[in-house]
Amino acid sequence: MTTEVKDKGRWQRFLESDFFYAFKRSPVALVSFAVVCLLVLSAVFAPLIAPTNPFDPASLNLMDGFTPPLEPNAFTGNTFLLGTDDQGRDVFSTILYGMRVSLFVGVAAVLFAMVLGIVLGLVSGYFGGWTETIIMRVADVQLTFPSILVAMLIFGVAKGFTPVEYRDQMAIWVLILAIGLSDWVQFARVVRGATLVEKNKEYVAAARMIGRSPWAIMIKHILPNALSPVLVIATISLALAIIAEATLSFLGVGAPPTQPSLGTLIRIGQGFLFSGEWWILFFPACTLLALALSVNLLGDWLRDALNPRLR
Amino acid sequence: MSAYVTVRGLTRVFDVSKPWLNRVLEGRKKAFLTAVSDVDFEIEERTTYALVGESGSGKSTIGKMLVGLLNPSEGNVEVEGVNLMTEADADRIAASRSNIQMIFQDPYASLNPRWRVRDIIVEPVAAQGGKTEGLAEKLLEQVGLHASDAGKFPHEFSGGQRQRICIARSLASEPRLIVCDEPTSALDVSVQAQVLNLMSDLKDEFGLTYLLITHDLTVVRHMADRIGVLYLGRLVEEADPETLFNTPKHPYTQMLLSAAPRMDAFGREVPPPQGEIPDPIDPPSGCAFHPRCPIATDVCRKDRPAMRALAASKVACHLAE
Amino acid sequence: MTTPVLSIRNLSVEIPTRQGIVKPVDGVSYDVGKGEILGVVGESGAGKSMAGNAVIGLLNAPAHISGGEIWLNGRRIDPLKGEDMRRLRGKEIGMIFQDPLTSLNPLLTIGDQLTETMLTHLPISRKEARERAIAALEEVGIPGAAERIDSYPHEFSGGMRQRVVIALALCAEPSLVIADEPTTALDVSVQAQIISLLKRLCHERGTAVMLITHDMGVIAEAADRVAVMYAGRLAELGTVRDVLTVPQHPYTHGLMASTPLASQGRKRLHQIPGAMPRLHHMPDGCAFHPRCPHARDKCRAAPLPPVANERAACWFPMLPEEVQ
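Taken in order, these protein sequences are the chains called A, B and C.
Residue numbers for the first sequence follow the numbering used here, so the first one is 73 and each next one is one higher.
Residue numbers for the second sequence follow the numbering used here, so the first one is 215 and each next one is one higher.
Residue numbers for the third sequence follow the numbering used here, so the first one is 1129 and each next one is one higher.
A hint or two may mislead.
[What the hints assert, rightly or not] Only pairs whose alpha carbons sit at most 30 Å apart, straight line, appear in this in silico DSS-like list of lysine-lysine: (1) B:K244 - A:K292; (2) C:K1151 - B:K417; (3) A:K273 - B:K516; (4) B:K244 - B:K232; (5) B:K528 - A:K273; (6) A:K96 - C:K1151; (7) B:K528 - A:K271.
[What the hints assert, rightly or not] A few chain B positions that, by computed beta-carbon distances, are all more than 10 Å from chain A: (8) L283; (9) E294; (10) Q319; (11) R328; (12) W329; (13) P338; (14) T511; (15) R518.
To be clear, the hints were calculated from the coordinates, so they are not data collected in a lab.
Note that the coordinates shown come from a computational prediction; the quantities given were computed from them, not determined experimentally.
Just so it is clear, CB atoms sit at the ideal spot from N, CA and C, and this is done for glycine as well.
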């Protein structure tokens, strides 16, 4: 029996946990976590890191256009790490700023999907009956369409309702809404499954007996015990959301050229691929690949680490 | 002494039909399971009333109806003169309910694994907006744990310690009746002894009344002041432990007592009981025990026996004497 | 003296973990003779099931046998692997588990499972196997065996399923049956039926049985000899009557005294203070000393005494007059 009086803090418990132990011993987890951190930090601090602000017309010089990576420009003699595009924008800087948009859209869309899915999953799992039937049938129907089509549909409808002058401003938010709405189903399914298991446990009966309201039981008792699978799905969804956003932007229905995401950059770069300016496409594509892959690998590892059956 | 709890004609029917669509497609009727059927009993204040029965006897369902986790289909539960089924005044019902607490069977499932012990124990009080300062620490010491355990999580405790935490939680709102649903059947023998002793001590200290629900006859004999034997949702016999164990009247009670393994019965060779518990969706006619009963006659197949007084016992059997 | 059917010598099982190697079974030795029921009793975590699983080679990795020997009918079986071990299970060792559903394949009829097992292990024709399967089901007391042989496991009640499992465990006529908590999931009245069945069949056929349970009452009624385990070690070994009436190990005595008995009336139950040590924090010397009322310095320091000849693994066994 320990005589320690002080409660262990969260951080201390985390450092001693099996989870952190497994993390330290997994090269895949360490590398992908490092890559994700590097990319996220450089996106967040893009204004500090980027040599130029690619969206400030004052800093642009058309003469710098089409400079290959690490070669001095024929006219101005300027050298760029990853070259420049047709308008003389530094590709490195555009990637940093583009990643910001991509990550922001991805994270916000997943958060939106997560909140929506958790609430609907909890409600359908806890109350059952007609509520559950309706929610889960809607989810089933939505699953029969590819999520990118659902996102395009929502994007199209929402765009139709937005006044023309606000379209560019609103595009990002519409994008988040579209990707989020196409993605809530898996959260709802997982949370519903966990709720069905947890609500029959005796600690829930104990809480019901002392007269706690259904919402208090769902949020305070059941949700914390359903969070690990949600975390796994959120991570994997993040990778998918980033790709979905890139796909939409690549198809020209996503982020506007005034606020380009990685997908927009790839679309722009694609036009120059066959005329030899490969770097305009290549580097944004590599960044997208690295981002999506490392988030995905991290999610896969999380799933294994949090799955008690595999431990 | 007065009856603290009075249960009259308690009945619970579960709808166990398949979903609507399956019924239509397969041409099935609705199916109902009578888990508890017309049960009467009274619990005196500061005593332990035990409900014994095998699986499917409805003992846990009765406990859940008493604490309000399930609503009875028919019948009444009266606590301290307040009829919990018909009382119109919501405040009086809430007051009576807060006097009833429950201890569950599985100490691993009955504590929320994400909560600290302190929050678990004071939840019954905190949920009603009561003062919880130092309460968890005080209760933990009362159930034989350390005040410093309040900051830990359930997984840091063994099964017996968890059951102590459950007891501490059930005491938090200062209840007068605690429904104990198989409180020790998930525990090892040596730990069971610790928990049973603790329950006895707390009963004396706080003047508690227990409804003990269990299948374990040794525990019942040790703890109970009065015992009700359930078979297929019906009360078949009721008596004090001495009478019940020495002169069981109902054939089912007799069978149960002879079948229970005994520590002093080395290599005992008794004819084991015959048959198994019937399907509660389609219970036998008349007395539910008649297909297994060695002395059953025609009247047992036709009429359900009523509870009648017989010497110091009450028994629901046409033929017992 | 004839060779015992099963002989376990100094068996140890190790599991490597983050906090170091733990030994859920530590130096356990016992024999089971022909037609004998050995009860292995202990509380959860005592290592009783782990020892049974070691015998049938069903330890889950990373748990492994780290020392000792297991002999079955004069043949050493602990080094056997894969195919050899699989042939041994079913043919020479029958198994009965707590939950009958896990030992029956839900997709096959019980008749298929019985005949399949017999055809694998016995030189008989399919027709013969079916006849013997019906006979086996009749023997375990399944009414209308000839009609019910083509039923699926879910069509039986819990007690009937456990009877089928017993028929399955015995159908290849093994010399040893390992029954791990065979009645824990069953009701009292059904439990009595199953125990009486197990006893009758094994005594009739001379099958050796290792009956693993936490229930002293079951041991008292069914077993001939009993091995009491505590924290992975053998605490006491002897005939049921000796061990249960005049226990020599203070742990056995504590276990007996903490069971509510009719004769004790309603006085306070005896308590063993504390809890079984966790495997990561095994005390030095005798594992029971922190909870033992009679512990002395020798118990704290010296390793366990040899248990081969003495009945109890205790430096200071209790005398009969101390017990009452």
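Hint-by-hint comparison with the structure:
Note on K244 (chain B) and K292 (chain A): the hinted pairing is violated, with a Cα-Cα distance of about 37 Å set against a maximum of 30 Å. Note on K1151 (chain C) and K417 (chain B): the hinted pairing is violated, with a Cα-Cα distance of about 41 Å set against a maximum of 30 Å. Distance restraint check for K273 (chain A) and K516 (chain B): the Cα-Cα separation of roughly 41 Å exceeds the 30 Å cut-off, and the hinted pair is therefore not satisfied. As the CA atoms of K244 (chain B) and K232 (chain B) are separated by approximately 7 Å, the hinted pair is consistent with the 30 Å bound.
A hinted pair counts as satisfied when its Cα atoms are at most 30 Å apart, and K528 (chain B) with K273 (chain A) does not qualify at roughly 36 Å. As the CA atoms of K96 (chain A) and K1151 (chain C) are separated by approximately 26 Å, the hinted pair is consistent with the 30 Å bound. Taken as a hint, the K528 (chain B) and K271 (chain A) pair is broken in the structure, with Cα atoms around 39 Å apart against an allowance of 30 Å. Distance check on L283 (chain B): its Cβ comes as close as 6 Å (rounded) to a Cβ of chain A, failing to clear the 10 Å threshold; non-interface status is violated.
Non-interface status of E294 (chain B) relative to chain A is upheld: no Cβ of that chain comes within 10 Å, the nearest being about 18 Å off. With a cut of 10 Å on Cβ distances, Q319 (chain B) falls inside the contact zone with chain A, its closest approach being about 7 Å. Non-interface call for R328 (chain B) relative to chain A: violated, since the shortest CB-CB distance, roughly 4 Å, does not exceed 10 Å. Remark: the non-interface label on W329 (chain B) conflicts with the geometry, its nearest Cβ contact in chain A lying 8 Å away (cut-off 10 Å).
Distance check on P338 (chain B): its Cβ comes as close as 4 Å (rounded) to a Cβ of chain A, failing to clear the 10 Å threshold; non-interface status is violated. Look at T511 (chain B): its CB is around 43 Å from the nearest CB on chain A, clear of 10 Å, so calling it non-interface holds up. Annotated as non-interface, R518 (chain B) keeps its C-beta farther than 10 Å from every C-beta of chain A; the closest such distance is 32 Å.
Of the hints listed earlier, those the structure fails to meet are numbers 1, 2, 3, 5, 7, 8, 10, 11, 12 and 13, in rising order.
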